[in-house]
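Asks: Build the full structure now, drawing on both the sequences and the hints.
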Amino acid sequence: MNDTIRRNRVTRFIGTLNQAQELRLSVEDAREGQLVLCLPYSDQIIGNPETGVIHGGAITTLMDTASGSVILCALDEFELCPTLDLRVDYMRPAEPRKPVFARAETYKITRNIIFTRCEAFQENGETIANCVGTFMRIGQEATPKSYRDLITGGEE
Amino acid sequence: MTDSELLQYTRDTGDFSRMLSSIPYADFIGLECDRFGDDLIFRLPKKEQNLGNPILPAIHGGVIGGFMELSAAIYLMMSQETPRMPRIVDFSLDYLRAGLNRETYAECHLTRQGNRVANVMVTAWQKSRAQPIATARAHFLIEG
Numbered sequence: 001m002n003d004t005i006r007r008n009r010v011t012r013f014i015g016t017l018n019q020a021q022e023l024r025l026s027v028e029d030a031r032e033g034q035l036v037l038c039l040p041y042s043d044q045i046i047g048n049p050e051t052g053v054i055h056g057g058a059i060t061t062l063m064d065t066a067s068g069s070v071i072l073c074a075l076d077e078f079e080l081c082p083t084l085d086l087r088v089d090y091m092r093p094a095e096p097r098k099p100v101f102a103r104a105e106t107y108k109i110t111r112n113i114i115f116t117r118c119e120a121f122q123e124n125g126e127t128i129a130n131c132v133g134t135f136m137r138i139g140q141e142a143t144p145k146s147y148r149d150l151i152t153g154g155e156e
Numbered sequence: 001m002t003d004s005e006l007l008q009y010t011r012d013t014g015d016f017s018r019m020l021s022s023i024p025y026a027d028f029i030g031l032e033c034d035r036f037g038d039d040l041i042f043r044l045p046k047k048e049q050n051l052g053n054p055i056l057p058a059i060h061g062g063v064i065g066g067f068m069e070l071s072a073a074i075y076l077m078m079s080q081e082t083p084r085m086p087r088i089v090d091f092s093l094d095y096l097r098a099g100l101n102r103e104t105y106a107e108c109h110l111t112r113q114g115n116r117v118a119n120v121m122v123t124a125w126q127k128s129r130a131q132p133i134a135t136a137r138a139h140f141l142i143e144g
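Protein chains in written order, with UniProt numbering: chain D, 1 to 156; chain B, 1 to 144.
Watch out, some of these pointers could steer you wrong.
Unchecked claim - When the alpha-carbon atoms are kept at most 25 Å apart in a straight line, the in silico SDA-like pairs for lysine to any residue are as follows: (1) Lys47/B / Trp125/B; (2) Lys145/D / Ile23/B; (3) Lys47/B / Lys108/D; (4) Lys108/D / Asn101/B; (5) Lys47/B / Thr143/D; (6) Lys145/D / Leu100/B; (7) Lys47/B / Thr110/D; (8) Lys47/B / Ser42/D; (9) Lys98/D / Pro24/B; (10) Lys145/D / Leu56/B; (11) Lys127/B / Asn48/D; (12) Lys127/B / Lys145/D; (13) Lys98/D / Leu56/B; (14) Lys47/B / Asp76/D; (15) Lys47/B / Asp43/D; (16) Lys46/B / Ser42/D; (17) Lys127/B / Lys98/D; (18) Lys145/D / Ala98/B; (19) Lys46/B / Asn112/D; (20) Lys98/D / Ile23/B; (21) Lys98/D / Gly30/B.
Unchecked claim - A few chain D residues that don't get close to chain B, going by computed Cβ distances all over 12 Å: (22) Arg7; (23) Gly15; (24) Asn18; (25) Asp43; (26) Thr51; (27) Asp64; (28) Asp85; (29) Arg87; (30) Arg92; (31) Ile109; (32) Thr110; (33) Asn112; (34) Phe115; (35) Thr143.
If you are wondering where the hints come from, they were derived from the structure by calculation, not from laboratory data. All C-beta atoms in this analysis are idealised placements derived from N, C-alpha and C, irrespective of residue type, glycine included.
Replies: Dropping the structure here:
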């Protein structure tokens with residue numbers, strides 16, 4: 001599998017997640033076991049109207065999506081893996097009116113569990129938040145074949 | 001209304017609509033809040049835009065997280081003197097069951113309140129309180 005296939009799979013996958021579409025998440029970079037997603041700034045997701053800073057919940061959704069989708073960049077076959085837990089540490093508020101990026105990686109894959117870590121940052125490179133997650137492998141068969149085919153497309 | 005007037009109004013009347021409409025993210029996911037005596041119950045009505053997994057279908061895990069995070073912040077603001085939105089330090093979330101496409105509820109408990117940091121526990125459920133779909137712990141910085 002090459003990076004173009006990885007990018008296409010992730011793009012199609014997040015295309016099926018209503019909330020990811022609502023936030024207008026997009027794929028910035030995809031490679032083996034690594035993924036960068038972008039969350040554009042929007043007035044709709046402001047948490048603090050005084051400062052225009054976006055709410056942590058939108059960052060959580062960005063990081064949850066990046067962590068869940070990076071699994072597509074690590075496994076050859078598509079498996080939908082539910083989140084077991086997510087721990088987010090907020091380093092600083094995101095600067096208003098700028099996009100936020102999330103770089104996720106899988107750092108350990110076992111038969112049952114996938115461990116991920118993710119960093120949210122902005123153009124200046126400063127970390128907004130760090131996140132570690134665990135995802136459970138329930139097997140390919142747990143996901144309908146039609147959905148798996150939709151994500152993998154006609155590539156293989 | 002200033003922020004402190006808004007907070008006072010919300011405390012006095014139990015009407016959260018004005019406070020919530022001042023927070024765009026609350027409207028984005030559709031968060032609502034009801035007061036029963038001293039208890040606050042946060043609600044996330046069923047909303048197609050909040051879905052993640054399209055197969056079940058289920059609410060996006062990040063939305064469940066955002067809902068619980070914002071619930072904890074509002075809960076803390078209501079129990080504090082300061083009208084400022086508390087700053088979140090960290091958030092730790094366990095997903096226990098799939099959050100199906102239906103109304104979701106959350107309630108919060110102040111586990112520990114220090115001078116600078118508060119710890120809040122949040123439980124979210126759908127059909128039955130006894131079967132939570134997620135639990136979370138959050139630390140907030142309290143700015144005096």
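Asks: Work down the list of hints and note, for each, if the structure agrees.
Replies: Against the structure, the hints come out as follows:
This hinted pair checks out: Lys47/B and Trp125/B have alpha carbons roughly 16 Å apart, not beyond 25 Å. For a cut-off of 25 Å, the pair hint linking Lys145/D to Ile23/B is broken: about 41 Å separates their Cα positions. At most 25 Å may separate the alpha-carbon atoms for a hinted pair to count; Lys47/B and Lys108/D exceed this at roughly 34 Å. With a C-alpha separation of about 31 Å, the suggested pair Lys108/D and Asn101/B falls outside the 25 Å cut-off, and the hint is violated.
Only pairs whose Cα atoms come within 25 Å are accepted, and Lys47/B paired with Thr143/D is accepted, the gap being roughly 23 Å. Annotation: proposed proximity of Lys145/D to Leu100/B holds, straight-line Cα distance about 21 Å (limit 25 Å). In summary, the hint linking Lys47/B to Thr110/D is not supported, as the alpha carbons are separated by about 35 Å, beyond the 25 Å threshold. A C-alpha spacing of about 20 Å is found between Lys47/B and Ser42/D, which places the hinted pair at or below 25 Å, so the restraint holds.
With a C-alpha separation of about 17 Å, the suggested pair Lys98/D and Pro24/B falls inside the 25 Å cut-off, and the hint holds. Restraint check: the Cα-Cα separation between Lys145/D and Leu56/B comes to about 14 Å, which is no more than 25 Å; the hinted pair holds. Taking the CA atoms of Lys127/B and Asn48/D, the gap is near 31 Å; set against the 25 Å cutoff, the hint is violated. Restraint check: the Cα-Cα separation between Lys127/B and Lys145/D comes to about 30 Å, which exceeds 25 Å; the hinted pair is violated.
Among the hinted pairs, Lys98/D with Leu56/B is inconsistent with the structure: their alpha-carbon atoms are about 34 Å apart, more than 25 Å. Among the hinted pairs, Lys47/B with Asp76/D is inconsistent with the structure: their alpha-carbon atoms are about 33 Å apart, more than 25 Å. Proximity of Lys47/B to Asp43/D is assessed by CA-CA distance (about 20 Å); at most 25 Å being required, the pair is judged to hold. Of the supplied pair hints, the one linking Lys46/B and Ser42/D holds, its CA atoms being roughly 23 Å apart against a limit of 25 Å.
With a C-alpha separation of about 39 Å, the suggested pair Lys127/B and Lys98/D falls outside the 25 Å cut-off, and the hint is violated. For a cut-off of 25 Å, the pair hint linking Lys145/D to Ala98/B stands: about 20 Å separates their Cα positions. Restraint check: the Cα-Cα separation between Lys46/B and Asn112/D comes to about 31 Å, which exceeds 25 Å; the hinted pair is violated. For a cut-off of 25 Å, the pair hint linking Lys98/D to Ile23/B stands: about 19 Å separates their Cα positions.
For the hint pairing Lys98/D with Gly30/B, the CA-to-CA distance comes to about 24 Å; that is within 25 Å, so the pair holds. Against the 12 Å criterion, Arg7/D stays outside the reach of chain B, whose nearest CB is about 20 Å from its own CB. With a closest Cβ-Cβ approach of about 10 Å to chain B, Gly15/D is found to fall inside the 12 Å limit, against its non-interface label. At roughly 4 Å, the least C-beta separation between Asn18/D and chain B is not larger than 12 Å, which violates its mark as non-interface.
With a closest Cβ-Cβ approach of about 6 Å to chain B, Asp43/D is found to fall inside the 12 Å limit, against its non-interface label. Non-interface call for Thr51/D relative to chain B: violated, since the shortest CB-CB distance, roughly 9 Å, does not exceed 12 Å. Not every beta carbon of chain B lies more than 12 Å from that of Asp64/D, the smallest distance being close to 4 Å; the non-interface claim is violated. The claim that Asp85/D is not at the interface with chain B is violated, since a C-beta of that chain comes within 12 Å of its own (minimum 5 Å).
The Cβ of Arg87/D sits about 5 Å from the closest Cβ of chain B, inside the 12 Å cut-off, so the non-interface label is violated. Not every Cβ of chain B is farther than 12 Å from the Cβ of Arg92/D; the closest lies at roughly 10 Å, contradicting the non-interface assignment. Remark: the non-interface label on Ile109/D is consistent with the geometry, its nearest Cβ contact in chain B lying 19 Å away (cut-off 12 Å). Every beta carbon of chain B lies more than 12 Å from that of Thr110/D, the smallest distance being close to 18 Å; the non-interface claim holds.
The Cβ of Asn112/D lies farther than 12 Å from every Cβ of chain B, with a closest approach of about 16 Å, so its non-interface assignment holds. The Cβ of Phe115/D sits about 15 Å from the closest Cβ of chain B, beyond the 12 Å cut-off, so the non-interface label holds. Here Thr143/D does not stay apart from chain B, with its beta-carbon only about 7 Å from theirs, under the 12 Å limit.
Hint compliance for this structure: hints 2, 3, 4, 7, 11, 12, 13, 14, 17, 19, 23, 24, 25, 26, 27, 28, 29, 30, 35 are not met, and every other hint is.
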